[in-house]
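Engineer: Listed here are the chains, written in short residue letters.
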Amino acid sequence: MDPVSVPISDDVRKTIYDDLAEAMLNAVEKGDMTYEEGQTSAAFILEKLDRVTNSQELLLFLHDLASKWKPYEVELTKINSERQQQDDATKITDIEENLNQLSQP
Amino acid sequence: MPDTTPVVERPKFQPKPTEVLAFGAEKPLVIDDPRIKEAQEKLKKLREFKTNGNGGREVFERMTQTQEIGLGSGELDSIRTQFGAGQYERQNDGSIKSPDAPLPGAKENFDIAGRLIDKVSTYLQYADEHAKRGRGEGTLNPTDYQTLRNAAMDSLTSLPAMNNMFPELGDLPVDIKRDYVEATLASDPKLRTKVAEKMRSILEEAQNLPVIEKDPQLEEAQRIKTAAETRITTSTARVIKELGDDLPIENLGELKETMQRLINEGKPPREVLSWIRGALFHRALSPEVLEKIRQHNTNLADLQKAEDEWKKTSKTETDDEVKKAISEKRERLQKAKENFENDAGLVSQYDVYNKIVKATPLEKDPETGMYPGIGREIQEMASAKAQIDTAAETINARGVEMSQKERQQRQNRLLKEAELIRKLEGVMPGSVAEVLMNRYDEMVQLENQRIAKDEEEAKKKGDEKVANGIKAVGRAMNEKWIHHNERTRQKTIHRGQIGADIRRLAYQGEDGVKRLILRELKLTTPDANGVEKPISWLTADLTTLSDENKRILNEVYASQGEGMKQKLINDYFVARRMEDTTLFGVPLTEMALKDHELALLEQHFGSSLDSGLSHSEAAKQVVKSLQERGIKPLAGLKWLLYFFLGSTVATGILSKISSVGHQE
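Line order of the protein sequences matches chains A and B. 1 is the number of the first residue of the first sequence in the working numbering; add one for each residue after it. 106 is the number of the first residue of the second sequence in the working numbering; add one for each residue after it.
Be careful, since some hints might not be right.
Said to hold, decoys possible - In silico DSSO-like links for lysine-lysine, alpha-carbon gap of 27 angstroms or less:
1. B:Lys147 - A:Lys68
2. A:Lys68 - B:Lys521
3. A:Lys14 - B:Lys510
4. A:Lys70 - B:Lys558
5. B:Lys510 - A:Lys70
6. A:Lys48 - B:Lys558
7. B:Lys155 - A:Lys70
8. A:Lys68 - B:Lys319
9. B:Lys346 - B:Lys212
10. B:Lys147 - A:Lys30
11. A:Lys70 - B:Lys149
12. B:Lys566 - A:Lys30
13. B:Lys565 - A:Lys70
14. B:Lys521 - B:Lys510
15. B:Lys463 - A:Lys68
16. B:Lys150 - A:Lys14
17. A:Lys48 - B:Lys510
18. A:Lys70 - B:Lys576
19. B:Lys442 - A:Lys68
20. A:Lys30 - B:Lys149
21. B:Lys319 - A:Lys70
22. B:Lys460 - A:Lys68
23. A:Lys70 - B:Lys346
24. B:Lys564 - A:Lys70
25. A:Lys48 - B:Lys463
26. B:Lys147 - B:Lys295
27. A:Lys48 - B:Lys521
28. B:Lys510 - A:Lys68
29. B:Lys442 - B:Lys463
30. B:Lys150 - A:Lys68
31. A:Lys48 - B:Lys295
32. B:Lys565 - A:Lys68
33. A:Lys30 - B:Lys442
34. A:Lys70 - B:Lys150
35. A:Lys14 - B:Lys155
36. B:Lys463 - A:Lys78
37. A:Lys68 - B:Lys729
38. B:Lys463 - A:Lys14
39. B:Lys150 - A:Lys30
No lab work stands behind these hints, which were simulated from the structure alone. The structure displayed is predicted, hence computed values, not measured ones.
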């Protein structure tokens with residue numbers, strides 16, 4: 001399936017919110033972000049994330065977010081890595097299927 | 106070796122050495138940002154909020170909600186009641202109820218805290234109404250709004266810290282000061298948020314002031330004493346009212362004081378009632394009339410006796426002489442009675458007399474053992490007085506009205522209150538300072554983004570030298586004047602460097618900007634032996650630089666000159682504000698440019714100053730208001746406006762408040 005068309009479920013959205021909040025709290029605690037930057041980014045996230053409907057929009061949103069506030073990059077990396085794993089898994093399945101077809105008499 | 110040092114290009118005005126060297130020996134200042142601690146507190150609460158099972162979305166919502174947090178007048182009042190060692194109370198009519206034995210300093214704490222809270226309250230009311238008006242939801246009529254707005258601006262401009270921060274406002278007319286402070290600060294919603302947040306934190310601390318453990322017996326005795334005193338006061342009022350309802354006598358309130366004195370002296374109820382009766386007679390009837398009434402009463406009694414005697418004699422064999430005498434007496438008394446009753450004035454006054462007698466009963470009801478009417482109230486007052494005496498004995502038996510332990514606790518609380526009052530004093534100036542610092546941080550952030558973009562573009566063009574030059578200038582702008590450490594969130598102010606560099610701008614104009622850039626470029630030129638030697642940024646003749654050095658300097662100047670100039674001017678104003686002892690606890694040192702130096706700055710950069718100011722409606726309004734009053738804005742004031750409202754970055758950041766400044 002084309003990743004562009006994968007819709008975002010409410011559970012996924014909740015996980016993203018939780019991850020981003022954790023990233024923000026950690027960043028402010030470590031001093032990588034000021035509290036006020038946290039507030040500004042919180043307003044940005046609340047405004048955008050609810051409007052994200054599919055995985056493509058999610059990636060664009062995270063990209064935008066990470067370019068504005070570096071501490072959120074961790075979520076972009078995580079999503080990209082999951083996507084990569086998913087792609088790899090799809091490829092392996094394809095290869096296995098091809099091999100199966102080849103091995104059939 | 107030949108001297109290759111180029112001829113120094115002299116500025117138009119030569120500074121006096123002392124004026125510049127005054128900054129030479131100063132050490133950099135390190136400013137601990139007070140926002141760090143505050144942010145840590147808020148963060149701790151957010152972390153707890155998340156640990157308690159709330160999701161990420163709720164965390165973000167909570168975080169953004171705090172930006173709009175308000176503060177009601179009820180909450181402000183509840184802060185006020187915490188001061189004065191818990192001894193003072195504000196009554197509904199606005200008066201203050203004070204204790205019998207106040208501790209030294211208690212009333213002062215209560216009053217000072219009250220005044221400070223009033224000021225904050227005025228500002229918050231103004232800010233709320235201002236925000237509502239911005240949304241077309243204002244609730245006050247124009248006159249009331251103007252009064253509130255003026256009071257809020259005046260309380261801001263009268264803060265000593267504000268005077269230190271805005272010395273340029275000096276002796277300007279009060280309405281200009283108001284316009285100025287509103288345009289630059291007061292109408293910024295961030296200031297309102299900061300003030301409300303600080304007051305919330307003070308409210309929390311005030312509610313956690315040390316609790317005073319009271320001596321239960323003493324407490325009870327004081328409670329009884331206070332209640333009994335209240336009862337005497339209310340009963341007195343009730344007596345006066347009842348008499349007023351029954352009798353046609355005015356100004357009965359004047360009896361109150363003596364009545365209470367008699368009660369407090371412990372006079373028996375009958376004596377008090379008798380005094381009241383006498384006082385009422387005195388007010389309602391003249392001595393002559395009173396004498397006639399007394400005579401009339403005696404006559405009536407005598408007439409009754411005569412009637413009785415007459416009846417008696419008619420039934421017995423009595424001497425005619427005696428009968429005649431009784432008959433004459435009867436007739437004389439009857440005649441006197443008729444004369445009295447035929448005098449309408451006397452009859453009317455006799456009616457008043459009788460009403461007074463009825464209203465002031467001197468005999469108890471034999472069944473209840475109580476005086477009727479007001480007598481009952483008088484009896485209750487006497488009983489309250491007895492309670493006061495007993496309670497006072499308990500209080501006196503302990504030697505002092507406040508036990509030593511309680512006194513110590515109250516004193517301890519007063520000390521804590523004093524610390525909180527210091528914080529209250531810092532609410533407005535601290536909030537102002539933080540708003541300014543936020544703006545400054547945003548400006549720096551935008552500026553750094555711009556520099557990074559310029560550097561990137563130079564790299565794309567393959568011009569490494571210019572790209573490196575831009576980077577070096579950018580780094581210098583971030584480190585040489587106010588150095589902000591991203592990790593520790595501390596700012597280090599290099600006052601000496603700021604003072605020296607801004608003077609260079611004042612005296613040398615654009616040439617000074619070029620030299621500051623040259624300082625960072627670290628350009629070299631070959632000496633007579635072909636060895637590359639650094640070019641002296643102070644003395645180099647800019648016209649004789651090599652073509653390549655000239656190109657680098659000109660290109661870096663073209664892209665960074667304006668930004669560098671703005672950053673230096675901004676840093677100058679910010680650094681000067683940071684010196685306020687009440688804000689940051691560092692020594693106050695004179696760092697202001699002299700008036701003629703500010704004028705020189707205007708002379709060199711006047712066009713960008715005027716064009717910057719023309720971008721902001723608020724700035725234009727303030728300058729226009731000044732001109733309308735025939736006041737030529739001094740250079741310092743114009744530069745200050747430029748800093749707040751006129752510079753390109755400031756305009757972007759402050760665009761949301763740029764429409765204010767001269768509203769109704």
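Engineer: When the hints from earlier in the document are held up against this structure, which numbers fail?
Structural biologist: Hint check: 2, 3, 5, 8, 9, 12, 15, 17, 19, 21, 22, 23, 25, 27, 28, 33, 36, 37 and 38 fail, others pass.
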